[in-house]
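Listed in order, the protein sequences are those of chains A and B.
To convert, take the position in the first sequence, counting from 1, and add 114; that gives the working numbering.
To convert, take the position in the second sequence, counting from 1, and add 114; that gives the working numbering.
Bear in mind the hints are in silico, worked out from the structure with no lab data behind them.
Among the hints, erroneous ones may be present.
Copies of one chain are not kept apart here, so a pair can be met inside one copy or by any two copies together.
Heads up, simulated BS3-like pairs for lysine-lysine below, C-alpha to C-alpha not over 25 Å straight-line [unchecked claim]:
| no. | residue 1 | residue 2 |
| --- | --- | --- |
| 1 | Lys262 | Lys251 |
| 2 | Lys266 | Lys182 |
| 3 | Lys325 | Lys262 |
| 4 | Lys117 | Lys268 |
| 5 | Lys176 | Lys262 |
| 6 | Lys118 | Lys266 |
| 7 | Lys321 | Lys166 |
| 8 | Lys251 | Lys321 |
| 9 | Lys262 | Lys300 |
| 10 | Lys162 | Lys195 |
| 11 | Lys118 | Lys195 |
| 12 | Lys321 | Lys176 |
| 13 | Lys182 | Lys118 |
Protein chains: 2
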Amino acid sequence: MSKKAVVLLSGGMDSATTLFMAKERGYKCIALIFDYGQRNRREIKSAKNVAKKAGCPYILAKVTLPRKGSSLLDPRIRIPKGRKRKAIPSTYVPARNTVMLSIALSYAESMRAHYIFIGAHTEDYSGYPDCRPGYFKAFNNVKNIGTKLGTKIKILTPLLNKSKSEIIIKGLQLGVPYRMTWSCYKGGLRPCGECDSCYYRRKGFRKAGVKDPL
Amino acid sequence: MSKKAVVLLSGGMDSATTLFMAKERGYKCIALIFDYGQRNRREIKSAKNVAKKAGCPYILAKVTLPRKGSSLLDPRIRIPKGRKRKAIPSTYVPARNTVMLSIALSYAESMRAHYIFIGAHTEDYSGYPDCRPGYFKAFNNVKNIGTKLGTKIKILTPLLNKSKSEIIIKGLQLGVPYRMTWSCYKGGLRPCGECDSCYYRRKGFRKAGVKDPL
Numbered sequence: 115m116s117k118k119a120v121v122l123l124s125g126g127m128d129s130a131t132t133l134f135m136a137k138e139r140g141y142k143c144i145a146l147i148f149d150y151g152q153r154n155r156r157e158i159k160s161a162k163n164v165a166k167k168a169g170c171p172y173i174l175a176k177v178t179l180p181r182k183g184s185s186l187l188d189p190r191i192r193i194p195k196g197r198k199r200k201a202i203p204s205t206y207v208p209a210r211n212t213v214m215l216s217i218a219l220s221y222a223e224s225m226r227a228h229y230i231f232i233g234a235h236t237e238d239y240s241g242y243p244d245c246r247p248g249y250f251k252a253f254n255n256v257k258n259i260g261t262k263l264g265t266k267i268k269i270l271t272p273l274l275n276k277s278k279s280e281i282i283i284k285g286l287q288l289g290v291p292y293r294m295t296w297s298c299y300k301g302g303l304r305p306c307g308e309c310d311s312c313y314y315r316r317k318g319f320r321k322a323g324v325k326d327p328l
Numbered sequence: 115m116s117k118k119a120v121v122l123l124s125g126g127m128d129s130a131t132t133l134f135m136a137k138e139r140g141y142k143c144i145a146l147i148f149d150y151g152q153r154n155r156r157e158i159k160s161a162k163n164v165a166k167k168a169g170c171p172y173i174l175a176k177v178t179l180p181r182k183g184s185s186l187l188d189p190r191i192r193i194p195k196g197r198k199r200k201a202i203p204s205t206y207v208p209a210r211n212t213v214m215l216s217i218a219l220s221y222a223e224s225m226r227a228h229y230i231f232i233g234a235h236t237e238d239y240s241g242y243p244d245c246r247p248g249y250f251k252a253f254n255n256v257k258n259i260g261t262k263l264g265t266k267i268k269i270l271t272p273l274l275n276k277s278k279s280e281i282i283i284k285g286l287q288l289g290v291p292y293r294m295t296w297s298c299y300k301g302g303l304r305p306c307g308e309c310d311s312c313y314y315r316r317k318g319f320r321k322a323g324v325k326d327p328l
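Next up, chain A with everything else stripped away, as it sits in the complex (with noise of 0.2 Å):
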């Protein structure tokens, strides 16, 4: 079996990690970056530099979602403030990890790439559904029922249970270049500092003990 590997790359830093995780353990790495609409153009950049920097080739994939009900897409709603994690939060968009993980089994089964990498985890991102492990063990299903490679190809989300410190302490082992990574949900000329993303970056590279490069 081929160790070639299609990994989802957002621009952020969980996924650059996942990227260079997927790099150390031998595989032979496709970044798979999507243009959804996103206000935030400034992910794409970064997911793009990123992938240079990991000497991986990338495909941009289009796709059009609904602008209507998430502030990630809709320039109406406004980025939430600070951290208010009741539910779901507006910045949830409907369906984007199904959307994301579809495209990716469709390119891994095209290419015949036996692994999907997807950087999600649990701890900082509790209010959105598909980040959970019983969401990626619904979806893994999906795949082995409705694709030709079926259970040949292997979904793997290596920072599922970590932390972001945790995350942040073995990416900067493995030289993730974090400087080049975009976390805020706005896409201004810097961080807004306010957004949840933000504050889950910011609180990460605290606890970890280090200095965010960005």
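Please arrange chain B on chain A, whose structure you already have, making use of the hints.
Here is chain B on its own, set in the frame of chain A:
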């Protein structure tokens, strides 16, 4: 619960019939048409015409899928003539139904539509793994766990156990404009008459005892 429904519309006979069945049952339908780089560009136009004829708004969603390996996408692969159905045919597009259903799910959730219709059926296309009843059951779990609305969204497959001729008979009762639909895998000026899809269309009309208006 609103009776708003997202209906996957390909431009072929099955999805057109599904749309008219959903309308008959009183659903307020929004057609979802995909441009996934299919060689057969004509079906996109057909889908738009069918939606207009049904009086339904439509969304055209673009999605980048891999060309390699599928004769519906890769012009270097010949679309098979005749009907040699051993294993999965080259017209299989990896994970296509999973990609389409996941985008439909994203739209349904965004617009708070509680129903998704897909015109898949098992009889003729048993070669496609993502048309099997077990596949839809598995995708259902993904939907239930991986979205905000979860079990509040239903995926309906009214054609699943119907034969092509049953579909046609039902469609004619409902006034489905079959002359507007396009089945041929090749996007030529006239149906090739030789591909799988032309074969099943012809066979369906013959069994239904009706002349194909196309």
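Comparing the hints with the structure gives:
no.	hint	in the structure
1	Lys262 - Lys251	both (19 Å within a copy, 17 Å between copies)
2	Lys266 - Lys182	between (37 Å within a copy, 19 Å between copies)
3	Lys325 - Lys262	neither (46 Å within a copy, 36 Å between copies)
4	Lys117 - Lys268	within (11 Å within a copy, 38 Å between copies)
5	Lys176 - Lys262	both (24 Å within a copy, 24 Å between copies)
6	Lys118 - Lys266	within (12 Å within a copy, 38 Å between copies)
7	Lys321 - Lys166	neither (29 Å within a copy, 57 Å between copies)
8	Lys251 - Lys321	neither (30 Å within a copy, 42 Å between copies)
9	Lys262 - Lys300	between (39 Å within a copy, 23 Å between copies)
10	Lys162 - Lys195	neither (28 Å within a copy, 41 Å between copies)
11	Lys118 - Lys195	neither (40 Å within a copy, 33 Å between copies)
12	Lys321 - Lys176	neither (36 Å within a copy, 41 Å between copies)
13	Lys182 - Lys118	between (36 Å within a copy, 16 Å between copies)
Going through the hint list in order, the structure does not satisfy hints 3, 7, 8, 10, 11 and 12.
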